[in-house]
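Chains R and Z supply the protein sequences, listed in that same order.
Residue numbers for the first sequence follow the numbering used here, so the first one is 1 and each next one is one higher.
Residue numbers for the second sequence follow the numbering used here, so the first one is 1 and each next one is one higher.
Just so you know, not all the hints are guaranteed correct.
Going by beta-carbon spacing under 7 Å, a handful of chain R positions derived as facing chain Z [to be verified]: (1) 21; (2) 25; (3) 43; (4) 46; (5) 49.
Hints are computed from structural coordinates only; laboratory data are not their basis.
We put the beta carbon where it would ideally sit given N, CA and C, even for glycine.
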Amino acid sequence: MALVSPSLAAEVRASSDFDASACLNCGTCTATCPMGLDPLPRRLFRYVLLGLEDKIRESVETVFSCLLCRMCEASCPAEVPIAENVRSLRRYLNRAAFGLREAFGEAGEGFMSTEGGRGDVASDRPHRRAPGGQS
Amino acid sequence: MSDRGEKARTSGRDRPHGNRIGVYICHCGGNISDYVDVERVLEAVKDEPGVAVAKTAMFTCSDATQQEMAEDIREHGLDGLVVASCSPKLHQFTFREVARRAGLNPYQYSQVNIREQCSWAHTDDRAGATDKAIRLVRGGIARTRSSLPLTPLVVDTVPRVLVVGAGVAGLRAALGLAQVGLEVVVVEREAEVGGWVAGLGELYPHGRHGGGLVAGLLDQVRAQPGITLLTGAELVEKSGAFGNFQVEIRQGASRTVRADVGAVIVATGFETYDPPAGEFGRGRPGVVTLPEFQRFLEAGTGALVYEGRPVRSIVYVYCVGSRQGPKAGGGNLYCSRYCCGAAGHLSNRVADRDPAVRQYHLYRDIRTYGNLEAIFTESRNRGSVYIRFDESEPPVVSGDAGAGEPRLKVRVRDLLTAGEELDIRADLVVLVTGMVPRPNEELVRTLKLPVGKDGLFSEIHPKLRPVETVVDGVLICGACQGPKNSSESVASALAAAAQGAAVLKKGYAELDPLVAVVDPERCDDCGQCYPACPFEAIERVPHQGREVASVRRAVCKGCGACVPVCPAAAIDLLGYTDEQIRAMIDGLLKETA
Ligand SMILES: Cc1cc2nc3c(=O)[nH]c(=O)nc-3n(C[C@H](O)[C@H](O)[C@H](O)COP(=O)(O)OP(=O)(O)OC[C@H]3O[C@@H](n4cnc5c(N)ncnc54)[C@H](O)[C@@H]3O)c2cc1C
Ligand code: SF4
Ligand code: SF4
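Construct the complete structure from the given sequences, taking the supplied hints into account.
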C-alpha cells in the first residue's frame, strides 16, 4: 500500500519540467519502446501524478535504461514530452535515491522534493520490475 | 367534430371496374437483390389478380423511378400501388406522396418490406428469402385490391399552446411560440420559475450565470403579451382532442383556470439521484452530492472551508445513480450526460478559488462530447488526476483516515495504473449524481404520457420524431424526456415549439384516416369495446332511436384493440379491414413454387 503524496503531487502541478497531464494512457509508448520498458513511460507517469513516491524509487533501473530515443514521443497522440519527463525523473532519482543534489547543482533541482509529507494516496501492490507485460 | 357519414363497410369488390394495381420491386442497389432474387419475385407476382403493371427498379425511391411510377399511374389509370422495398418507417410517406401527386388516393398504396424482413434477415438463405418476399408481396397486392380511397380528417386547431413546467426548456419553448404569434399558457408548479438552472451559478460550457440567464428569459416572457404565466399551478384536467384540448389548471388552493389549447408541451424536467445512506459513504460528514457541492461552492469565495474544516483534498466519484448495469447491481441504466461536464467544470472552479486543492476524479468513462472536451482537458492541465475504476469494483468510502488527517478515505483500484489499489484521503467526497425522473404521476395520468422503462417520458423516435409522443398534440422537451444539459434542453424546447407551431399556425390539422369505424346497424351496444380502447376514443351515440358505439376519429389512434372484442363484428379498422386481412392471409399462404 502506497500513499499518494500531496506535496509531491502539488510540486508536479507547479513544475514546468514534468508534464504528463495530457497522457491518455493509450499505451502507444509502451508498444513502440524498443527496450520494452515497462512501467515506462505511462505507468511511471501515473505514479508521478498520484505521487506514489515508493513506486518511483523502485523504478530506478527502468528510468535509467531508457535510451531517450524518443520513438514513443514520435507516436504519442497526446504530444506528451516523454523524453523530457524521463530526464526530470532521472534528476529526481539522482537526488532522492542517490543524494546527488550538490554534484548536479541547478540541474539537480527537479520537480520533486524528497521531504514530501504524508500522502493522500496509498497503494499495496508489490512492484514488478520485469520489463514487458502488464502486472 | 363530425364523424364520417359514410357506411363503414365498403367492399373493394363492389368497385365499378376491376383492379389496376402497379407493383414495383426494389433492388435497393443490392441491399435487397443480393439476397432476394427480385426477378423471380416479379415473375411470381406479375399475374396476380388485379396487377396491371409490374416492374423491378434499382432504387424505387430515386427521382427517376418515382417519376416513372407517377407516369404509370396516370397512363394506366392505376387504382392501387404496391412498392416492395424497405421498411414503411423509411419510405411509406415518400410513396404515398408519389400516389398523391399522380392523382391516386395515397391510402391505396401499400408498402411491403422485403429488405429488413427478407434480405437483411435471411442472408444465409437466398431461396427462403425470395420465397418469403413473394408471399409478402402477394399479401400486399391482396390488401391493395380491397383498399378504399380514404381522406384524412381535417380538424380546426386552436392557436394556443399549454406549456407544463417553466424551467429553461419550458420558458424557451413559450418564447419561441409567442415569437411566431401563438398564445401560450405556462404552468409552473413551484412559486419560482427557472427549474434547476435558476439556482446555478456559472454554467458550463459558456460561463454564463444560471440565475441571470433565467432572469433574462423571464423578462422576455413577461414582455410577451401572448404569454400567460401561472406559477404555483398545476394541470388537473384535459379533455378534447388534438387541435382543440380543453384544459383545467388549478392555481393555489382556490383558483381554477380553464383554457382551450391546440397542443400541449411538457417540460417538467428531472430530479437528481439521491443516494441512500451508505452508498459511497453517503451519510458520513464530508460526503456530498453534486448539487450539494455546487451549492457549497456557490455560497462562498476564497479558500474552501467545509463545516469549519479547510478543504485540501477532494475525491469525486462519477456515475453515482447512472449506468447502474448488472455488474453494479442494476438500477438506472442510462448515462446522465450532464454530470461529467458539470463535475469537471466545478473542479475548475475549485482550482480558480484555491489551486492547491488536490482533486481526484474516480470515473468509469468520461462523457465530455464535443466542446465539453475542453473542460476535461483544462481540469487535467490544472492538476486534477483522473482515476478509472471498473463497474464491478466500485470505490469504497470509509471514515478511518486517522486523527488530524482528512476525514475520509477512499479505496479504489486504478485501471490506468495497471490495477493498482489506491487509498486516497479526502476532506470532501463528491458523489457525481445523475438525473432521475421527477415524480409526476398526476400529470402522466392526465395527459396519458408515455413513460419509458427508465421512467422518463418517451418520444416516438429519438432521431426521427424527437419531441412528439404517441398522443397526438402532446409534445415533450427538455430533461423530462432524457438527460440533457441546459443548451440541449433549450434545443429540444425550440424543436417542440417549431413542431407545435408548424401545425397550429396552419389553423387546421390532418389526422390519419386509418381509424376504427363502427357499423351502427350491427352494433347492439353490448359495451365491450368501450373499456378496450386505451385512448377512450369510443363514445355512445344515438342512432335511429337506440344507442350505439361510435369512434371519435380525432382521438382514435388506429391501434385496433377494439376490433377483436366486438362479438357482433361491427368494428372495422380502415386500411386494415377484416376483408383486407383475410385477403392478405390468402396471399401469404399461396404456394410460391
Ligand atoms: C448540480 C447541477 C449542475 C448543472 N450544471 C449545468 C451546467 O453548468 N451547464 C448546463 O448546461 N447544464 C447544467 N445542469 C443541467 C441543467 O440543470 C438541466 O439541463 C436543465 O435544468 C434542464 O431544464 P428543464 O427545463 O428541462 O428541467 P428543470 O430545470 O428540471 O425544470 C423543470 C420545471 O418544471 C417544473 N415542473 C415539474 N413538474 C411539473 C408539473 N407537474 N407541473 C408544473 N410544473 C412542473 C419544475 O418545478 C421546474 O421548474 C446542471 C444540473 C445540476 C443538477
Ligand atoms: S503514447 Fe502518450 S498518451 Fe499514450 S500512454 Fe504514452 S505518453 Fe500517454
Ligand atoms: S455523464 Fe459521466 S458521470 Fe454522468 S453518467 Fe455519464 S459517464 Fe457517468
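Each hint tested on the structure:
1. 21: holds, 4 Å
2. 25: holds, 5 Å
3. 43: holds, 6 Å
4. 46: holds, 4 Å
5. 49: Cβ of residue 49 of chain R sits 5 Å from chain Z, so the hint holds.
Every hint, counting from the list given before, is met by this structure.
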